[in-house]
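Enquirer: For reference, the chains in residue letters:
Number of protein chains: 2
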Amino acid sequence: MVSIKDVAALAGVSDRTVSRVASGDTKLLRPRTRKKVLKAIEELGYVPNRAAQMMRTSRSLVLGLMTDVVATTPFSTDIVRGIQDALESTPYTLLTINTSGDPAKEARSWQTFREHGIDGVLYVTMFHRQLPVTTQFPSIPVVLVNCSAPAHPERPYIVPDDYRGGYDAAAHLLAKGHRKIAYVALNEHILAADLRGSAFLDALAAERVEARGDWIVPGLVGDVFKDRFVAFENVTRILKQADRPTGIVCGNDEIALQCYCAALELGLKIPDDVSIVGFDDFQAVSNVVEPKLTTMALPYHEMGSLAVETLVGMLKGTPPKVLHTKYRCKLIERASVCQQNHPAEDTDLPARLTIEP
Amino acid sequence: MVSIKDVAALAGVSDRTVSRVASGDTKLLRPRTRKKVLKAIEELGYVPNRAAQMMRTSRSLVLGLMTDVVATTPFSTDIVRGIQDALESTPYTLLTINTSGDPAKEARSWQTFREHGIDGVLYVTMFHRQLPVTTQFPSIPVVLVNCSAPAHPERPYIVPDDYRGGYDAAAHLLAKGHRKIAYVALNEHILAADLRGSAFLDALAAERVEARGDWIVPGLVGDVFKDRFVAFENVTRILKQADRPTGIVCGNDEIALQCYCAALELGLKIPDDVSIVGFDDFQAVSNVVEPKLTTMALPYHEMGSLAVETLVGMLKGTPPKVLHTKYRCKLIERASVCQQNHPAEDTDLPARLTIEP
DNA sequence: ATGAAAGCGCTAACAC
DNA sequence: GTGTTAGCGCTTTCAT
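Line by line, the protein sequences are chains A and B.
Heads up: the first sequence is residues 1 to 357, going by our numbering.
Heads up: the second sequence is residues 1 to 357, going by our numbering.
Accuracy of the hints is not assured; some may be wrong.
Intra- or inter-copy, both count: the list cannot distinguish identical chains.
Below, a list of computed lysine-lysine pairs in the DSS-like style, where the Cα atoms sit at most 30 Å apart [unchecked claim]: (1) LYS269 <-> LYS240; (2) LYS330 <-> LYS269; (3) LYS292 <-> LYS269; (4) LYS330 <-> LYS226; (5) LYS176 <-> LYS330; (6) LYS36 <-> LYS316; (7) LYS292 <-> LYS176; (8) LYS105 <-> LYS36; (9) LYS39 <-> LYS105; (10) LYS240 <-> LYS292; (11) LYS330 <-> LYS39; (12) LYS105 <-> LYS5; (13) LYS292 <-> LYS226.
Hints were generated in silico from the structure; no laboratory data involved.
The whole structure should be built from the sequences, with the hints applied where relevant.
Expert: Rendered as structure tokens:
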């Protein structure tokens, strides 16, 4: 390994001078000296040794990315991409650890981070959720992404505004004239399901549109990560009714995909017979189904970038301006929703009569 | 930061002894001393300093994960998961860098790896491809995953056997009695497309089944990463013919999804009217569509694990037993393929007559 | 504007 | 079995 001393010898200066050049301390150097050193660096292929730097400065210039499963799962890769993109304009590198949500592994991961002298960590969860109150953090800067820690209000976090997203998804159908709207829910164990679900109800209520109980069905059942899709059966049943919804809001895009299968198999046209709104803008689905899916995009990339910005700021000593950020979702309009010219209000009445068997 | 000396002071031994305990040099220590030291470590919350260790040993115990986009893309996350799972039984940690396929960024990444004293690197590409001959590698252990480097035959690589996968996919339909089979190809710029495509042809030829030219269509056109799906139109056209295929082999699962949309919209039942075989086992599609998709799974997780095993072996001084590995794909049978009791051979004849307009 | 000395935390080599 | 000495490559402090 070529060190600062080798460079110094070749350039005919002291090692301290090389150090100054390498760390860009351009002010206290004659341009001529600088050039000489730069040439020697080039010639020898010198690269600074981070371990040595760290020993002196006790800063590693490494950030930890601790995730439950997010880095190994297709759904929230945009968070990671946002993080890595933002990292490029900083001197930091990323050490990645997946805990699979296992607390023991998480504890070991924190220790590994300490061993590496990590400067700060991005703690990212796959599902938007609240961390258990028992969650402990070491005393280094941490930014939470896609989760919040009620027990640690001083920790900055960045989450999507699932409530508003759910509201806007339903509002979109309403604005397009739909009045008979079904909702196929996410796994009930997930915070996002709660938020999006109650937003759906509120959006309908705000327009004085009835939310029919039998049109609100689960799309996914079972424990998280071991869940099973049931949207297909449930939506098939609903769409077979003579009086059926003209629009469906889905808890995510995979559920929307099951709705597509159900509707198409029944010979229904999308969007003319049923309009469908998804959630997540999971492009492998939303941009591939035909017609393309109108869906609510999660602001994952932005969340990742903001997290890096926040963390790097903290490391510079700048506390975040906003401690807790809720990022707005964005509706991506494609082709699965059409205008519904619903008949006069009174035709809704018979529909209501069918609620109870 | 609590160091080895603090522990030594508390335990009343020399620092060298603490070092021995910390690095598990259990042989040359009295159990009593060991216990004493362990207690002090626990009490002080001592954690070894990797930077210092590295300076002495010039091994960082960090592996570099260099990818074009794989870590930020939903399709090949299983490679990363395989890597991380395998890493757990080793002392290594992972430093991740995404180059977005930009050669300048790639050059900078190698330098970053050198700065960190990376022990070895996993070089992973999203698409199975050959690296350009201009690709340079530094002189540290590197294992290539999902790509090969014709210019560097001494470098170990691990790729999927796309040819055999393509062959087996077609063979599956053949074995189920299908004789009228269409093929919807991947983007032609990709190596996997070549391999899978020619395998399709060979599989049909081996059974003396004709591959109709108008039934071999692209599913995806345009430059990689800027491509557009055209499977829907193409398959719709084919399925509208009076004489239509009873089975379709798809270049990947997204193409299969477009086939689903096309078939269902035409009122065709899957698998009874058309059987469909996908490729990739991209579960967000294959396990969500209804009926569930029969598809050829890429051995990504295994490839990732093997890569780690190989690299760690090299670092121990064990050269890989097999330098270049082609991993076999595995057919996942679900519900999109059914037995086809094709009529007597001669009914194929009129079909052939319709080839030319 | 440049150099010399000291020391960060650890382990290899050797002494006892 | 355990302690001592030295030095990895760098930056901080102080001197010149």
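Enquirer: Which constraints among the numbered hints does this structure fail? Numbers only, ascending.
Expert: 6 and 11
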